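If you read the protein sequences in the order shown, they are chains A and B.
In terms of this note's numbering, the first sequence opens at residue 1 and continues consecutively.
In terms of this note's numbering, the second sequence opens at residue 276 and continues consecutively.
Bear in mind the hints are in silico, worked out from the structure with no lab data behind them.
Watch out, some of these pointers could steer you wrong.
As the list claims (entries may be wrong) - These stretches of chain A come out as covered by chain B in the derived footprint (C-beta under 8 Å, 3 or more residues):
# : segment
1 : 55–64
2 : 259–273
Stated by the list, open to error - Residues on chain B that point at chain A, a partial pick, calculated with CB under 10 Å:
#  : residue
3  : L336
4  : V337
5  : A345
6  : S347
7  : S353
8  : G376
9  : G412
10 : P414
11 : F440
Predicted model, so just to flag it, every value in this text is computed and none were measured.
Every residue gets a Cβ at the ideal spot worked out from N, C-alpha and C, and that includes glycine.
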Amino acid sequence: MKEQIVELIRRAHAQLPRDVVTALRAAYRREDGEIARLQLRNMLENIKLAKKLGIPMCQDTGLPIFYVYLAKNADRKAIEKAIIQGVKEATQKVPLRQNVVNPLTRKNSGNNLGEGIPLINWKFSNRSATEILYLPKGAGSENCSAAKMLKPSEGLEGIKEFVLETVKSAGGKPCPPTIVGVGIGGSFDLAAKLAKEALLRPINSYSKRGDIARLEKELLKEINSLGIGPMGFGGRTTSLKVNIEYAACHTASLPVVVNVQCWAHRYARAIVHGN
Amino acid sequence: MAIKLKTPMSDEQVKKLKAGDVVYVSGEIVTARDRAHQRALELRRSEIPVSFEVIYHSGPLVKKNREWRAISCGPTTSARFEKYIPKMTKKFGTKIIIGKGGIEAKNCVYLCFTGGCGALAARAVKRVKAVHWLDLGMPEAVWVLEVENFGPLVVAIDARGNSLFKR
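Throw the hints in and build the complete structure from the sequences for me.
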């Protein structure tokens, strides 16, 4: 299973999901500014080169985050061990940049492991096989994310204003065109969890809820009218997609979290059979 | 028309660059992130093993077999190092910074490469000439890279302070 994890990690870094590549190509056709087009051309050429060579497209190979959808009789301990060993081995074999440090001493562990890292989100499923999703999260975009506890009276307008403000103040820093994950409702921590999970939904899909899907479309339109453009040089495409997940919340609160993802939206899945 | 540059560069050449120009850089460039900036500013000038005339904001992904080789080495977010820029130009005469995402400083010329394009950048790295301060960890160490036609880079801020990020 460890080898499968190493391959999962390698694949995620060398190949972008098809929907993301399609969206970047569409952005290239849409832009007419010379510099905006140059940025997108570099991205598309980089995607091709990384795939051909089987190497990480971006040197920031991220913080290792996993979502595990456990099958009925799966051996959780064994999976956890395989993930940890897989990250360690992938650091040497893929290779990955050594990104993980102690938050205070800033000492680098050298193997992408550390207290609480890799972050493994355990989910339960009724399927016969376990699914493992790997999402390496780069810091350039993660650093532009933000959380806010809105007053319920601020409502929909308040939510939109906060998302737009977050994207605007990020400017070119998170490597636009970005994918914007938004978590609405729940508690302080649940909203953050939802914002990240929103990134896992394909960017050619919309929320099943009509009002949320509408908000996704409206926000994308308003973000793209900010004019930040590819890498902040101006243009029509600041974001490729806004994905929103929501949860019920306390009558007195309205948590909103915006999790920004760079154009190099790397993630991949693997199915693990048996134990 | 793309402009070809070779490091080290004369002040004359640097001044000629205009915001919006597309350039390719060849020669030696030196990486620095938070920890390298901090150490460079703490130590005496004579203790610094490199020239910081051309700084590349990057934490490369490198691998050592016999020699170090750059696998993926695109730019990192320059805004994190904003506060060091005036001090670096004063102490080391930094003329050019290569990075991404934008800065406000106008003390030197700022070139941008497309963020996330690590594979493309690594293709331009002909040799990892040296590494210093590896105790800071792979991303934060100072990597001396020999590049050939690194680009296309965009002149985002020129010597007159014109910036593509101002809107």
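Consistency of the hints with the structure:
{"no.": "1", "hint": "55–64", "result": "holds (count 7)"}
{"no.": "2", "hint": "259–273", "result": "holds (count 3)"}
{"no.": "3", "hint": "L336", "result": "holds, 4 Å"}
{"no.": "4", "hint": "V337", "result": "holds, 8 Å"}
{"no.": "5", "hint": "A345", "result": "holds, 9 Å"}
{"no.": "6", "hint": "S347", "result": "holds, 4 Å"}
{"no.": "7", "hint": "S353", "result": "holds, 9 Å"}
{"no.": "8", "hint": "G376", "result": "holds, 4 Å"}
{"no.": "9", "hint": "G412", "result": "holds, 3 Å"}
{"no.": "10", "hint": "P414", "result": "holds, 6 Å"}
{"no.": "11", "hint": "F440", "result": "holds, 6 Å"}
Comparing the model with each earlier hint shows no violations; every hint is respected.
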